[in-house]
Amino acid sequence: MSDLIEMLTLPFLACMLMGGILSYLGIHVLKREVIFIDIAVAQVVAIGALAAHLLFDVEEGSLISYLFSLACVLAIAGFYSVARHKISEISVEAVIGISYAITAAGALFLMGIAPGHSHAQEMLAGALLWIMWPQVLTALIVFAGVSVVLWLCRKSLSAVSQDYAEAARRGINVVWWDFLFYALLGVVITVAVRISGVVTVFALLIIPATTSALFATGWLHRMLLAWLIVVIASTSGLLFSYYLDFSVGPAIALCLGVLLAVTAAIVRLRPKSGPSRHPASLTTEGLDSERS
Amino acid sequence: MTEAMRLFALQITLIAVVLVLHTYLGLHIIRRTLIFSDLVLDQLAAFGGLVGVGLGVAYASPGSYVFAFAAVLLGAFLLAVINPRNPAIPREAVIGILFAMALVLSLLWTDKIPGGEAYIETTMSGYLLWVTWPLIRITLVTYVALILFHYVLRHRFIALAERPGEQKHERLWDFLFFTTQGIITVLIVPIAGVLLAYSFLMIPAAIATLFTKRWGLATFIGWSVGFVACLLGLGSSYAWNLPYGPTLVLYMGLFFVGAMVLRAVLRSRKKESVVKGELCPTS
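Protein chains in written order, with the numbering used here: chain A, 1 to 292; chain B, 1 to 283.
One or more hints might be untrue.
What the hints assert, rightly or not - Computed cross-link-like contacts, DSS-like style, restricted to lysine-lysine with a CA-CA straight-line distance of at most 27 Å: (1) A:Lys86 / B:Lys276; (2) A:Lys155 / A:Lys86; (3) A:Lys86 / B:Lys271; (4) B:Lys213 / A:Lys86; (5) A:Lys86 / B:Lys168; (6) B:Lys213 / B:Lys168.
Read the hints as simulated data drawn from the structure, not as lab findings.
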């Protein structure tokens with residue numbers, strides 16, 4: 001038992017930190033319909049680290065590597081915010097999708113030039129189990145800083161996330177707030193992906209926010225629900241991976257997915273009394289026809 | 001003809017045919033914002049292949065295709081059937097979660113098979129350089145059949161994008177749409193890898209959508225630009241011995257960024273001329 005606590009305490013703390021901020025950002029991400037932003041930004045972060053490795057022969061996790069990744073994140077944040085403003089023919093999610101393909105190809109291309117620097121599995125699955133105190137403290141400081149900015153700018157950021165066109169009509173500088181949002185999200189993702197890999201970060205960003213939408217609409221309620229989900233899924237994911245010897249990150253992501261599927265099914269199948277208070281249920285053709 | 005020339009001709013033919021269907025399907029995906037549906041199917045095809053590997057079936061062997069196709073059919077079913085009614089949950093979120101689950105299952109599965117990490121990388125990058133004639137023939141015949149199928153039933157599929165909610169049995173047509181995507185995924189992922197397959201689908205279609213809403217014209221523009229970009233990528237890859245798939249994707253990406261800049265410039269010029277017209281209505 002003490003082995004278990006010793007081994008899983010830091011990963012659990014890291015999950016709480018990441019889940020805390022990512023599930024809030026996830027609500028913004030769902031409202032903006034930029035679902036795959038994490039995967040695209042994570043690729044950009046990887047490009048920065050690879051470029052730093054090629055140019056200065058520095059390892060991932062060094063200051064120069066972080067700075068390169070950060071520069072790439074700011075560049076892509078600028079690209080998304082300007083693209084959203086200038087291009088109306090295709091959705092920003094399409095731009096994100098294509099930027100993902102290009103940056104992932106760029107990463108593979110750089111890996112082709114610099115063989116021996118290929119860690120696809122590690123980048124995807126992460127190494128959450130081997131996290132150390134300095135990484136947890138770095139995450140704490142960075143996430144606290146980002147949270148303060150998010151709190152101070154919450155009104156403008158929420159307005160842009162809620163309705164971009166309306167915000168622009170009201171005279172809000174949408175390009176700037178978009179840039180700030182993507183930059184902050186990028187900083188969080190840079191730190192989080194180093195800790196736990198792309199898949200877990202993606203799951204923590206999207207799934208708690210989606211599950212919370214099944215039960216609540218207000219920001220506060222959704223955040224509280226999302227945090228509860230993070231606690232349950234992280235605990236069960238860590239135990240699952242500990243006892244069955246699986247990678248920690250993907251195990252947590254799997255638990256988040258299972259939790260969503262179960263709650264969505266419960267919400268959907270629950271007998272309704274009077275008008276639905278939860279329009280959030282996921283619908284399926286089969287279930288619809290059953291009802292009719 | 002030398003072996004290298006034969007291989008080059010084979011790859012060009014494959015790309016030319018593949019791009020027609022991918023561009024057309026990509027137009028649907030972009031209009032309906034199902035951007036990452038293809039990655040779900042790609043990842044499921046890869047997962048199916050990996051399950052096969054775990055059970056002793058070699059990756060990209062005929063047996064492996066059966067596993068991949070079964071996984072993809074399940075994906076097409078889930079994509080068609082799960083449609084959130086709540087405006088707070090966009091359909092793309094469901095797609096994202098399905099993708100995450102497919103990727104997670106692949107990673108957890110490779111935890112338990114020897115050399116799993118290498119397979120994850122193979123599924124990402126593909127091995128287009130090793131394609132063989134029988135595989136190409138099967139791929140080409142299937143693609144031509146699917147192009148005909150989509151041409152004959154184009155009104156049904158276009159209605160999904162242009163008049164959502166109006167057509168009868170919409171989820172059936174959705175299922176057929178995703179199944180088409182699934183079939184081409186099963187064929188193309190072992191050859192081209194997840195990234196190149198996804199780029200074939202998204203980038204030419206996105207470039208075309210920037211300039212026109214007409215389906216036929218957009219397919220033509222997307223195919224032309226995509227084909228030129230792939231030719232350049234293929235040439236560069238041979239000339240400088242660059243990694244194959246990534247080079248093609250990067251060339252297509254270059255054209256996409258160029259198209260976005262062109263679109264933005266055209267838009268600002270149009271705005272300027274409108275303003276000028278308003279200021280001097282007689283001129």
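Provide an ascending list of the numbers of those earlier hints which the structure does not satisfy.
-> 5
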